[in-house]
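**Student:** So the chains spell out like this:
2 protein chains.
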Amino acid sequence: MRFYNRAVDPRPVGVFDSGVGGLTVLHECLVTMPHEDFVYLGDHARLPYGPRPLDEIRGFAREIGAFLERLGVKLVVVACNTATSAALPQLQEELRVPVIGVIAPEAHAAVQATRNRRVGLMATEGTVAASRYAELVHALDAGIEFFPLACPELVPLIEADELDSERIDAAVRGYAAPLKRAGVDTVILGCTHYPLVQPTLQRVFGRSTTLVFSAVETAREVAETLAKKGFEQSPDREGDYRFLTTGDPASFRVMGKRFLQLPIREVEHVTLAELALA
Amino acid sequence: MRFYNRAVDPRPVGVFDSGVGGLTVLHECLVTMPHEDFVYLGDHARLPYGPRPLDEIRGFAREIGAFLERLGVKLVVVACNTATSAALPQLQEELRVPVIGVIAPEAHAAVQATRNRRVGLMATEGTVAASRYAELVHALDAGIEFFPLACPELVPLIEADELDSERIDAAVRGYAAPLKRAGVDTVILGCTHYPLVQPTLQRVFGRSTTLVFSAVETAREVAETLAKKGFEQSPDREGDYRFLTTGDPASFRVMGKRFLQLPIREVEHVTLAELALA
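Listed in order, the protein sequences are those of chains A and B. As numbered in the working numbering, residues 281 to 558 make up the first sequence, in order. As numbered in the working numbering, residues 281 to 558 make up the second sequence, in order.
In isolation and in its complexed conformation, chain A is listed as follows (with noise of 0.2 Å):
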C-alpha cells in the first residue's frame, strides 16, 4: 500500500567556512540528517580569515551567504568561528533564509551540561578576543565563571596531521592544565577543528568533564530548527552532499577526508568572481 506523502522541502541546507574545519560541522549533519541535501563550499583561495580584520571577514561571508542563497539552499549554517564572530548578525539581517552559527548553540548546551557552573574555552585567539561565547554563556546563565582560554598552536598541529604526536598530546595537556587547575566541569571545544582530537582531549579532561564540541551542537540546532520550520526532507531517502571550493580542489579533497570522515568525491571549483555576482 502507498501511503501520500507529508509535504517536503527538497532544498538543499547549504554550509560554508574558510576551509576544512568546517567539514566536522558537515560530517555531523550529515550523521544525524541523512535525509538531507547538504551543499559545503570552502573558501580556500581567501584562507585564513583569523588574521584578517573583521570588516574583510564580513564581506566574504556576505559574498558566500547571497551565493549560497542565490544556488538556492533553505538554511545557511556559518561553520566557522571566526565568520560567525564577526558576521553572523549582519547575515541573518540580510539573508531571507535563516542563518545558524557555531557559537550559540554551543553556549546553549554548556550552560545546560554545567553542574559546578564553572565553564571553560578552548578556542582560537581570534575567538577568545571577540568574547561571543562569554556573551552568550552570560546570557543564559549570569552566574557561571567563565574562563577563556587562546589555544594558538592546536590548529596548526592539527592541520599537520600531527593527530597521534607526542606534540599534540603535550600541547593538549598543557592547554588543559590551567583549566582543570580552575575547577571547569564542562569545556566548550569552539573551534571546528578540535573534533579531530577529541580522543586525547577526552582522556586528558576526564570523565568527570563535560567536552562541548560545536560540530554536535550546531547539527542538533539545524535539525531541529528544519523540524521546527516544517523544512524537513521525506525521512526515508538518503541525502546528497557537494563541495564547492574557491582554491584549488585536489587539495581540498585530500584534507578534507580526513576533517569529513565521510567519502569525498567530485569537489567543483568556484571563481572568486562567480561569488561576488549579485
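Just to be clear, a hint being listed does not mean it is correct.
When chains are identical, the list treats them as one kind, so a pair holds in a single copy or across two.
What the hints assert, rightly or not - Mimicking BS3-like on lysine-lysine, the simulated pairs with C-alpha atoms at most 30 Å apart in a straight line are:
(1) K460 with K508
(2) K537 with K354
(3) K460 with K354
The hints are simulated quantities; they were obtained by calculation from the structure and are not laboratory data. These numbers come from a predicted model, not from an experiment.
Starting from the known structure of chain A, fit chain B onto it as the hints suggest.
**Tutor:** Relative to chain A, chain B alone:
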C-alpha cells in the same frame, strides 16, 4: 531480577511566582517530568509584582530564591515574566543552584519555529517594556522582525474566570488583529496566564501560526537541563508536589486549581518573616 540503581538526585525542583500564573509552568513540568518532586511557592502576600519598582521585585525574588535553596531544591524555576525580567541575572549570580527563567526558552523556540522570520509577542505592559524577549530573539537571529504587543486586559479577564465569555473572545481578537496584519507566523505568549485561553488563541490565529507558550518551553528546558546535568530522579517513580504561599492557603487552592489542572491538596503558609530568614 533486581538491577542496580543508577545514581539519582532526590532533591525537588523549586518553582515560584507572585501568584498562581506560574502554576501553568508547574503543570507542564508535572506532565513532562512525572518522576520529579516539585515545590511551588506563590508570593500572594505581595502580589501583583507588575506595578512595583524593579528593585523591590528583585529583593522579593532574592528572598524567595535563598529560601528555596535553604529548603534544598536542586534547581529554581522563575515561573513569572516580571520576576524573570527584573531579577534573573542577579538570582543566577547569588544562588549556588542553577536558575531557569521563562523568557530564554521561549525566545529560542520562536526563532526555531518561524518560517517567515516575523515574530509577535503578546505579554503584559511590564514585560513588553522590559524588552528582554526582543533582546534574546535578536541575539539568536538578528534578522527577525519582532512585533511586541502589550495586552493589559487579558490577565484581569483570565483571573476573573471569564474563559469562555464573549469579552475574552473579543479581547483576544482585538489583540490578535494587528499581529495578523503584520504577517507574523509565530507568536510568543509571554505571560504564564495565557495557556488558559489557548483554545481561543489557536482558533483566532489559525493553523498556520505557531503559538509558543512559556509553560511548555520552560518545562522542556528544565527537563533537558536536569538530564544533561545528571540531576534526574529515578524515572520509574511517581513524584510529589507541594505548595507554599505567603498569602491565604484557601484562596490559593480555589484559584490555583484552574491554573494547575491537577489536584491541589494541602497548601502550607509561609510568613514573610520565615522567607526573609537568612
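**Student:** Up to 30 Å between alpha-carbons, please classify K460 paired with K508: within, between, both or neither.
**Tutor:** Only across copies: K460 and K508 sit 20 Å apart there, 38 Å inside one copy, limit 30 Å.
**Student:** Could you figure out if K460 and K354 sit no more than 30 Å apart (CA to CA) within one copy, between two copies, both or neither?
**Tutor:** Cα proximity of K460 and K354: across copies only (25 Å, versus 41 Å in one copy).
**Student:** Which holds for K537 with K354 at a C-alpha limit of 30 Å: within a copy, between copies, both or neither?
**Tutor:** within (26 Å within a copy, 45 Å between copies)
Comparing the model with each earlier hint shows no violations; every hint is respected.
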